[in-house]
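Chains as they are written, first to last, in the numbering used here: chain X, 1 to 153; chain D, 1 to 393.
Since the hints were made in silico from the structure, they are not lab data.
Fair warning: this is a prediction, and the values are worked out from it, not measured in the lab.
Any given hint could be a false lead.
Unchecked claim - BS3-like, lysine-lysine: derived pairs with alpha carbons at most 27 Å apart:
hint : chain 1 : residue 1 : chain 2 : residue 2
1    : X       : Lys81     : D       : Lys320
2    : D       : Lys114    : X       : Lys138
3    : D       : Lys71     : X       : Lys138
4    : D       : Lys71     : X       : Lys81
5    : X       : Lys138    : D       : Lys320
6    : D       : Lys320    : D       : Lys71
7    : D       : Lys114    : D       : Lys314
8    : D       : Lys347    : X       : Lys81
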Amino acid sequence: MSWGATLSEALPDAVEEVVAEGTHHFVRVKAESIVEAAGVLRDKCGAQMLHQVSGMDFEDRMEVVYHFTAIEPGPEFMCLKVTIGRDNPEVPTLSHEWEAANWGERETWDLLGIRFSGHPHLYRILLPEDWEGHPLRKDYEYPTEYHGIDCTE
Amino acid sequence: MTTEIQGVKLDEAERSTPVLPRDISTDELVFNMGPQHPSTHGVLRVVMRTDGEVVLGCQPLIGNLHRCCEKILENLTYVQGLPYVDRMDYLAALNMEIGLVLAVERAAEIEVPKRAQYLRVIMCELNRVISHLFSAGQFGLDMGAFTPFLYMFREREEGISVINEVTGGRLLYHYIRYGGVTRDVSKDWLGKVLKFCDRVESHMDEYNNLLTYNHIFLKRSAGVALIDRETCLRFGVTGPVLRGAGVKRDMRKDMPYSSYEDFDFDLVTAPCDEGVVGDAWNRHRVRLLEILESIRIIRQAVEKLPDTEIAHKKVTRGWKAPPGEAYVASEAPRGEISCYFVSDGGKFPYRARMRGPSFYNISVITQTCRGLLIGDMIALLGSVDITLGEVDR
């Protein structure tokens, strides 16, 4: 994976970990440098599309995982990971450079409660606006009722 | 090509420019399309801001079918969770199954027997054929052509019966399992598959005469609702919409999975014999041409079907994946389905993040709608071809 080396060369202070073995290759970067790191992938490694934004809850920390993809020539996936604390998780938004991040980040906020600073429209997207909690968190408590509808059965 | 509308000659290019001339400005009107509108293909609500007939902007409000598939997967064992992904894109359920299964198999490093891989290919391509027949017919229906819809459903029914015979389901199959497939097929059934392929192929001219090159259909879709290459890339749009914009991208070719590298087929991009690259008509045309490519793949797979086992021996009822993670994308009829799968070695998957291609495909309408007529919004929604079950997951 040449893009991992390119990334650690371009941003030596931001890269925390490069994993180039096993079933999933990724580069872990500092949360505050995610916009720069994505820019390096676009300008130097040929990333053309943001494929997926995933949020992860590991009970002691949270992660946001971005999968970029190059299309032509040489299609491949490039993965950036960001680790953040669980109490007040916040990551800078990518939605100004990558339009796909707009909805991807809204979904991550909706289901995991990770805030994206600078996002133009950070509202719930799948759940109703008055829903309480973020369901994909591991300590999520299931509601017992919603607007008079019994949810316990 | 010049068109005459009410005595005024309009260039085809001018007709497709984003902002139409507005000599009479009326009050801006905000209204809902859906959630029960027939052309939204499900429960989608689009709030539109309009000036007369011209759409100034829109916001799709999604989530009516949300059931948090990812949370369900985290709370069920591996085998129990699999049928739930079928419900994401209920028109192409086998392609959804393979999306999850491939990621889990990559993370657990399971080698799938060759026969199972070929059976997966046959099933997924059959599912692609019936899904594209549905989409093309539905798009015609949106454009006011009722008859082709019925003709395509005739063939789709037969395709469903063929899959039904092996899987036992008409729409939701639960056929692909971790490490292989559930049931083997007979020689007799393979004959039926080939007969179905011949039948669809022989009706392709009929579809084209009735719908694709129909004058009214051409006027309503050619040069309308342009989504160009750059917009597709920015919004994460994949599948026939991206190929309709002229981009050569197909996971079956680019990162072959499940033995797709064994088959000889072409990657279809906008043919552009009518209209312009990236318009609604070319997206429709790409789908019809992809049906023919799928039939080519099915014929080769049936011919070369190897005689091995159909499932990995070690994957049994209480099977669980070892700790690990993987990200695999595969080509579903509506775009790239991918799964980011993480296992901690426990009984349940730790996280299975599914990418619904329609989720990203529909986000593009917020930009493309600007300057379209309300009638052309229907062409846009119909040609982007979303399944709400997969948008909302």
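Here is what the structure says about each hint:
1. X:Lys81 x D:Lys320: holds, 25 Å
2. D:Lys114 x X:Lys138: Outside the cut-off at roughly 38 Å; violated.
3. D:Lys71 x X:Lys138: It holds: about 9 Å lies between the C-alpha atoms, which stays within 27 Å.
4. D:Lys71 x X:Lys81: holds, 21 Å
5. X:Lys138 x D:Lys320: holds, 20 Å
6. D:Lys320 x D:Lys71: With a Cα-Cα distance of about 17 Å, the restraint between D:Lys320 and D:Lys71 holds, given a limit of 27 Å.
7. D:Lys114 x D:Lys314: Satisfied, since the Cα-Cα distance of roughly 16 Å is no more than 27 Å.
8. D:Lys347 x X:Lys81: This hinted pair holds, its Cα atoms lying about 25 Å apart.
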